[in-house]
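On the provided structure of chain A, position chain B as indicated by the hints.
Number of protein chains: 2
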Amino acid sequence: MRESGDAVRLSFNELKDLLRRVFIKVSVNQETAELLADNCAMVERDGPESHGVFRIEGYLNTLKSGWVNGCADPRIEDCGESFIRVDADNGFAQLCLARARPLLLEKVRRSGCAVLMVRGSHHFSALWPDIEPFAQQGLLALTFVAGLSVVAVSGGKTPVFGTNPLAFACPVAGSSPLVFDFATSALSNGDTRIAARAGHLLPDGCGIDKSGQPTNNPEQILNGGALLPFGGHKGAAIILMVEILAAALTGGAFSYQVDFKNHPGAETPKTGQLLIVIDPARGGNHDFAARVAALLNLIRASGENIRIAGDKRLQNRARAEQQGIVITRAVLAQLNGFL
Amino acid sequence: MRESGDAVRLSFNELKDLLRRVFIKVSVNQETAELLADNCAMVERDGPESHGVFRIEGYLNTLKSGWVNGCADPRIEDCGESFIRVDADNGFAQLCLARARPLLLEKVRRSGCAVLMVRGSHHFSALWPDIEPFAQQGLLALTFVAGLSVVAVSGGKTPVFGTNPLAFACPVAGSSPLVFDFATSALSNGDTRIAARAGHLLPDGCGIDKSGQPTNNPEQILNGGALLPFGGHKGAAIILMVEILAAALTGGAFSYQVDFKNHPGAETPKTGQLLIVIDPARGGNHDFAARVAALLNLIRASGENIRIAGDKRLQNRARAEQQGIVITRAVLAQLNGFL
Numbered sequence: 061m062r063e064s065g066d067a068v069r070l071s072f073n074e075l076k077d078l079l080r081r082v083f084i085k086v087s088v089n090q091e092t093a094e095l096l097a098d099n100c101a102m103v104e105r106d107g108p109e110s111h112g113v114f115r116i117e118g119y120l121n122t123l124k125s126g127w128v129n130g131c132a133d134p135r136i137e138d139c140g141e142s143f144i145r146v147d148a149d150n151g152f153a154q155l156c157l158a159r160a161r162p163l164l165l166e167k168v169r170r171s172g173c174a175v176l177m178v179r180g181s182h183h184f185s186a187l188w189p190d191i192e193p194f195a196q197q198g199l200l201a202l203t204f205v206a207g208l209s210v211v212a213v214s215g216g217k218t219p220v221f222g223t224n225p226l227a228f229a230c231p232v233a234g235s236s237p238l239v240f241d242f243a244t245s246a247l248s249n250g251d252t253r254i255a256a257r258a259g260h261l262l263p264d265g266c267g268i269d270k271s272g273q274p275t276n277n278p279e280q281i282l283n284g285g286a287l288l289p290f291g292g293h294k295g296a297a298i299i300l301m302v303e304i305l306a307a308a309l310t311g312g313a314f315s316y317q318v319d320f321k322n323h324p325g326a327e328t329p330k331t332g333q334l335l336i337v338i339d340p341a342r343g344g345n346h347d348f349a350a351r352v353a354a355l356l357n358l359i360r361a362s363g364e365n366i367r368i369a370g371d372k373r374l375q376n377r378a379r380a381e382q383q384g385i386v387i388t389r390a391v392l393a394q395l396n397g398f399l
Numbered sequence: 061m062r063e064s065g066d067a068v069r070l071s072f073n074e075l076k077d078l079l080r081r082v083f084i085k086v087s088v089n090q091e092t093a094e095l096l097a098d099n100c101a102m103v104e105r106d107g108p109e110s111h112g113v114f115r116i117e118g119y120l121n122t123l124k125s126g127w128v129n130g131c132a133d134p135r136i137e138d139c140g141e142s143f144i145r146v147d148a149d150n151g152f153a154q155l156c157l158a159r160a161r162p163l164l165l166e167k168v169r170r171s172g173c174a175v176l177m178v179r180g181s182h183h184f185s186a187l188w189p190d191i192e193p194f195a196q197q198g199l200l201a202l203t204f205v206a207g208l209s210v211v212a213v214s215g216g217k218t219p220v221f222g223t224n225p226l227a228f229a230c231p232v233a234g235s236s237p238l239v240f241d242f243a244t245s246a247l248s249n250g251d252t253r254i255a256a257r258a259g260h261l262l263p264d265g266c267g268i269d270k271s272g273q274p275t276n277n278p279e280q281i282l283n284g285g286a287l288l289p290f291g292g293h294k295g296a297a298i299i300l301m302v303e304i305l306a307a308a309l310t311g312g313a314f315s316y317q318v319d320f321k322n323h324p325g326a327e328t329p330k331t332g333q334l335l336i337v338i339d340p341a342r343g344g345n346h347d348f349a350a351r352v353a354a355l356l357n358l359i360r361a362s363g364e365n366i367r368i369a370g371d372k373r374l375q376n377r378a379r380a381e382q383q384g385i386v387i388t389r390a391v392l393a394q395l396n397g398f399l
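Chains as they are written, first to last, in our numbering: chain A, 61 to 399; chain B, 61 to 399.
Misleading hints may appear alongside valid ones.
[To be verified] Derived SDA-like pairs: lysine to any residue, alpha-carbon spacing no greater than 20 Å straight-line:
1. K217/B <-> K270/B
2. K270/A <-> N365/B
3. K270/A <-> G363/B
4. K217/A <-> L358/B
5. K217/A <-> R360/B
6. K321/B <-> L282/B
7. K270/B <-> N365/A
8. K217/B <-> A361/A
9. K217/B <-> L358/A
10. K217/A <-> E364/B
11. K372/B <-> G215/A
12. K372/A <-> G292/B
13. K217/B <-> E364/A
14. K372/A <-> S236/A
15. K217/A <-> L356/B
16. K321/A <-> S125/A
17. K270/A <-> L358/B
18. K372/B <-> S110/B
19. K124/B <-> N322/B
[What the hints assert, rightly or not] Short, incomplete list of chain B residues facing chain A, as computed with Cβ under 10 Å:
20. S171
21. M177
22. R179
23. A246
24. G291
25. H293
26. I298
27. M301
28. E303
29. D339
30. I359
31. I368
It should be emphasised that the hints constitute simulated quantities derived from the structure, not laboratory data.
Glycine residues also receive a C-beta, built at the ideal position from the N, C-alpha and C atoms.
Excised from the complex, chain A in its bound form (with noise of 0.2 Å):
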């Protein structure tokens, strides 16, 4: 650990040791501890300040409000050649996944594709972790995940759906995977509660307040108001089709009917995650990696200063790779203070 003004710099393992010993301390075992460490510290290297060590705390109050269960042994259940089912047993996502990927791989490699439905889990993080560890093996994965109710559809004026998350990686010859990862609504809850607490105004068109009138105020998004999907009615489309691939399809709930009421400071949707992961090489076709690789330099070569999904994730990546993991004095002895 270095300091420098009001900052710390961290390695990798010496904030995942830290993030591993502040989720014993509030009794997950060390299979779930351990998972989302390495998650959390991971997200925190990469970006966006909207999740990684920024949800601790909401993942505390969730853990000690009892609505999740930080002790929870997943179920898989074989369902066919290309297809696994989990009962999450009310846990993390991210276990479902570890538990389940020796499996997933298994199909993959023997049918060419498979899917993972999963439900009563809790995820509460980005999304690509989940998924570039396949890209990272030549494969190419999707993944989608519902949320707590906060998204209204154009015209309505009660939230329906989650922020519902999807993400995408595949890999890329010569270079890192190719991974997004984005909320299907105009912004995601956690940018909403940056918004606010900074006291900024956001671009039209991300949310309604509570009498359903737009509104430019992300305070009045998040007291009764509601989130919109990105992208109009296309937009709109995308996140109906990502809730019902992540909670009708999966068999978990849906965002609109996760109720944690009698959980006080629960912050985690209990809903479902699917993942499909697919062999690009099957059948022949070995120059995938390699033609994607041409298509992102011709996407660059077409204008100047060009970003891809993704890159910036990649450019934080590889800062905290030499640099460390910068957080503030604060917020280190924040995590402290957990112990």
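Same frame as chain A, but now just chain B:
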């Protein structure tokens, strides 16, 4: 056929039979002519205006140019328990799907999910007819197609993507399936051409002119400019994903690789198409369709006059089934002129 003023009303079968004869007239074989006529009549019946009969002249010019094979004999490659590849033999995607559908259904029923990768195929229609039949059989389906290079990224000066449509379909208990289908560009090619023909200006963010500057003029987009992705940077990630799924993953050409300059009159993209089909009931999830119905009811009840993706198409279909498919005398004369 009933006449009323400037318009005529045809039954579905009357329109389909006329279109079939038009395709056969330009030496398309019976199998493909039947499929294209059925597809085109369905799209005309359900709308929107930018597909359907509006496309017939483009089909015919493309066939006459020798760019597409109207008598193709696609080769189905069984690449694994859940994986099919198809070499389209330079024919239409609809033929590949029709030929591969029995094997695809067999694989989905057996293993729980399957993917179909078509390459070297031409797609010049809406996507929903490709997947609605799966939803009618209780399955969930997704499809993705790459197109002609007409879409630039933000900050780009030259087009790199097709309009890259995606479509989703799933069963809904007690009603027609939920099916939607849209270009992942801000506007489809067809709608851009219709706006240009009508002299309409477009909303902000739809496209750029030939110097890379934003424009609202569809003529400038069509004449050396480019469309933009829908939905800002999130839509840009989606359109990139569709390009990768429909071209790199299938082994088909990227949109930017389509080159028909030696075939004057050609209009169809020769790229690739991906289908992902999943059995929602696999593993005991038998209330999938009922839960989707409940979700759609909740969305409709969340405000007044809420529109859900696909609503308009089903309204058009219901009206056409009652009153016939309305086309103008001029269009009917044009179709008859092709015979």
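Structure-based check of each hint:
Under the criterion of a C-alpha separation no larger than 20 Å, the hint pairing K217/B with K270/B is consistent with the structure, at around 7 Å. Using a Cα cut-off of 20 Å, the hinted pair K270/A and N365/B holds, with the two alpha carbons roughly 19 Å apart. For the hint linking K270/A to G363/B, the alpha-carbon distance of about 13 Å falls within 20 Å, and the restraint holds. Proximity of K217/A to L358/B is assessed by CA-CA distance (about 12 Å); at most 20 Å being required, the pair is judged to hold.
Distance check on the hinted pair: K217/A and R360/B sit about 11 Å apart at the alpha-carbon level, within 20 Å; holds. Restraint check: the Cα-Cα separation between K321/B and L282/B comes to about 17 Å, which is no more than 20 Å; the hinted pair holds. About 18 Å separates the Cα atoms of K270/B and N365/A, which keeps this hinted pair within 20 Å; it holds. Distance restraint check for K217/B and A361/A: the Cα-Cα separation of roughly 9 Å lies within the 20 Å cut-off, and the hinted pair is therefore satisfied.
Pair hint K217/B plus L358/A holds up; C-alpha atoms about 12 Å apart against a cutoff of 20 Å. Restraint check for K217/A and E364/B: satisfied, since their Cα atoms lie roughly 9 Å apart, inside the 20 Å limit. Among the hinted pairs, K372/B with G215/A is consistent with the structure: their alpha-carbon atoms are about 16 Å apart, no more than 20 Å. Taken as a hint, the K372/A and G292/B pair is honoured in the structure, with Cα atoms around 16 Å apart against an allowance of 20 Å.
Proposed proximity of K217/B and E364/A is supported: the alpha carbons are some 9 Å apart, at most 20 Å. Between the alpha carbons of K372/A and S236/A the distance comes to roughly 13 Å, so the proposed pair stays at or under 20 Å and holds. Distance check on the hinted pair: K217/A and L356/B sit about 15 Å apart at the alpha-carbon level, within 20 Å; holds. Taking the CA atoms of K321/A and S125/A, the gap is about 10 Å. The hint holds against a cut of 20 Å.
Between K270/A and L358/B the alpha-carbon distance is near 18 Å, which keeps this suggested pair within the 20 Å criterion. Only pairs whose Cα atoms come within 20 Å are accepted, and K372/B paired with S110/B is accepted, the gap being roughly 14 Å. Our distance criterion of 20 Å between C-alpha atoms is met by K124/B and N322/B, whose separation comes to about 13 Å. Hint status for S171/B relative to chain A: holds, with the closest Cβ pair at about 4 Å, below 10 Å.
Proximity of M177/B to chain A holds as hinted, the smallest CB-CB distance being about 7 Å (cut-off 10 Å). Checking R179/B against chain A by beta carbon gives a least distance of about 9 Å; that is within 10 Å, so the hint holds. Taking 10 Å as the C-beta contact cut-off toward chain A, the hint placing A246/B at the interface holds, the least distance being around 9 Å. A least Cβ separation of about 2 Å between G291/B and chain A falls short of the 10 Å threshold, and the interface hint therefore holds.
A least Cβ separation of about 7 Å between H293/B and chain A falls short of the 10 Å threshold, and the interface hint therefore holds. The restraint placing I298/B at the interface with chain A holds, with a minimum CB-CB distance near 7 Å, inside the 10 Å limit. Of the supplied interface hints, the one on M301/B holds, with its beta-carbon coming within about 5 Å of a beta-carbon of chain A, less than 10 Å. Because the beta carbon of E303/B sits about 7 Å from the nearest beta carbon in chain A, less than 10 Å, this interface hint is met.
For D339/B, the shortest C-beta to C-beta distance to chain A is roughly 8 Å, which falls under 10 Å, so the interface hint holds. Interface hint at I359/B: satisfied, since its Cβ lies 5 Å from the closest Cβ of chain A, which is below the 10 Å cut-off. At about 7 Å, the closest approach between the beta carbon of I368/B and any beta carbon in chain A falls short of 10 Å, and the interface hint on this residue holds.
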